[in-house]
Amino acid sequence: MADTMQFDLVSPERSLVSVPVREVRLPGTDGDMTAMPGHAATIVTLRPGLVTVVDAQGNATEFAVTGGFAEINGESVSLLAERGHPRAEITQDVYNEMMRDAMRAHQTAETRRESLGDEVVAAAAKLLGDMEALGTHIGLDPNQATIPD
Amino acid sequence: MPSLKDLKNRIESVKNTRKITKAMQMVAAAKLRRAQEAAEAARPYADRMAAVMGGLTAAAAGSEGAPRLLAGTGADQRHLLVVLTSERGLAGGFNSSIVKLARQQAETLLAQGKEVAIVTVGKKAREQLRRDMGERFVHHVDMSEVKRVGYENAREIAQGILDRFDAGDFDVATLFYSRFESVISQVPTARQIIPAVIEEGDAAVSSLYDYEPGEEAILSELLPRSITTQVFAALLENAASEQGARMTAMDNATRNAGDMIDRLTTVYNRSRQAAITKELIEIISGAEAL
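Respectively, the protein sequence lines represent chains A and B. Per the working numbering, the first sequence runs over residues 56 to 204. Per the working numbering, the second sequence runs over residues 8 to 297.
Careful, some of the hints might be misleading.
[As the list claims (entries may be wrong)] Ranges between beta-carbon positions, derived for each pair:
#1 His146/B with Thr116/A: 39 to 45 Å
#2 Glu152/A with Val145/B: 53 to 59 Å
#3 Lys29/B with Gln61/A: 58 to 64 Å
#4 Ala197/B with Ala115/A: 43 to 49 Å
[What the hints assert, rightly or not] Some residues of chain B that are not near chain A, with every Cβ distance over 12 Å (derived):
#5 Leu11
#6 Met150
#7 Thr236
#8 Ala256
#9 Ala282
[Claimed, not checked] Not everything, but these chain B residues come out facing chain A in the computed CB check (under 7 Å):
#10 Ala49
#11 Phe144
#12 Tyr158
#13 Tyr218
#14 Pro220
Don't read these hints as lab results, they were simulated from the structure. For each residue, glycine too, the CB sits at the ideal point set by N, CA and C.
The task is simple: from the sequences and hints, build the whole structure.
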């Protein structure tokens, strides 16, 4: 079995990262998981959180994603995220913007609870909660973001 | 017969036109390269999304609980046509051919007694369709402030379509845009996005994967994303096509202006020569008469 597998982080606009890695830790919707070479083929949806990538030398790099999904098979992990940033690039400004999107989505869901159903509202609330947790985790303040009028 | 001065002015004016079309052609060439790069960069995401969606939809299509975005509403009475065009003209037949295709489709549907609603993206579709389809407009997306098409734009458009679908405004949604084949060839294309078109022969892919959470949960999360991705891909194709069409159109315009200048210059020289000859004849006949 190979020691490494191919890891691709792809956003709709361009491919962000493409490197060989030893393991990838993913924030799955149902719980965190780690993919290593030879992992069973899986497709998993992600919640907002940190993706940790460990390269062949054992150096870990972290990326913040705002959800998306990952396709895992024995030789590669492809992560399709609408937004993905290296952790170092997540400044309070970037984070505020991400929070704002989540807040706005939650607000829209809330105001249209009638037509959308409780499940959608709960999902939006969970997304917002996960975004807040992500911020706290990397030491940024979730309370700075405000919804523009 | 125009005077020499008129001809001279006319030549000057055509020369200026040629300068402008030449400049537009070069700008379009530069923008085309950027648009192609953007389309290229967006391909990995779209390809993977399509592969995963292909497997999922093929597996879920037959099942009872398939999401409405995939299975449809069970009717095809009300159609939503999303017409993507540019904000600017002077791009040859680019906008007209998209609008023409959309109009044909709308007329066919109307002739079959179906209802048609139109969403326009970009000023040109709105202008060209206003006269005969104006009362069917339900929404317009203004792209005049958008310098470079981003995923955000696609998301806004897709969200608008999805909101309408959730509200039960239509059964079938179709995108109209221009597919970029090459600089000289752009093909106006209609693509149905709701309900999702099921790709044949991908069912085998689906069984290779474990899904977490379940297949249906993933599918219902991915379908809206997939629609956004398709809108985004269409926007990028359109951007490249627009620049390609403009480049070709301006190349032709530049060449035509060149031909025109040549013709006018010939006429100008001939008239000048005629005037000189006439004066000489007058002088000589005057001298001989003495």
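The hints, checked one at a time:
1. Checked against the hint of 39 to 45 Å, the pair His146/B and Thr116/A passes, with Cβ atoms roughly 42 Å apart.
2. The hinted range of 53 to 59 Å is not satisfied by Glu152/A and Val145/B, whose Cβ atoms lie roughly 30 Å apart.
3. As the Cβ distance of Lys29/B to Gln61/A is approximately 46 Å, the hint placing it in 58 to 64 Å is violated.
4. Checked against the hint of 43 to 49 Å, the pair Ala197/B and Ala115/A passes, with Cβ atoms roughly 48 Å apart.
5. Taking the minimum C-beta to C-beta distance to chain A, about 58 Å, the non-interface status of Leu11/B holds against the 12 Å cut.
6. With 12 Å as the threshold on Cβ separation, the claim that Met150/B sits away from chain A holds: the shortest Cβ distance comes to roughly 17 Å.
7. In this structure Thr236/B is not separated from chain A by more than 12 Å, as the shortest Cβ-Cβ distance comes to only about 6 Å.
8. Non-interface call for Ala256/B relative to chain A: holds, since the shortest CB-CB distance, roughly 28 Å, exceeds 12 Å.
9. Every C-beta of chain A lies more than 12 Å from that of Ala282/B, the closest at about 64 Å, which supports listing it as non-interface.
10. For Ala49/B, the interface hint holds, since its Cβ comes within 7 Å of a Cβ in chain A; the closest pair sits about 6 Å apart.
11. Against a cut-off of 7 Å between C-beta atoms, the interface hint on Phe144/B is violated, since the closest Cβ of chain A lies about 23 Å away.
12. Annotation: Tyr158/B was flagged as interfacial toward chain A, and the flag holds, the nearest CB pair being 4 Å apart, inside 7 Å.
13. Annotation: interface hint on Tyr218/B holds; nearest CB of chain A at approximately 5 Å, less than 7 Å.
14. With its C-beta approaching chain A no nearer than about 5 Å, Pro220/B sits inside the 7 Å limit, and its interface hint holds.
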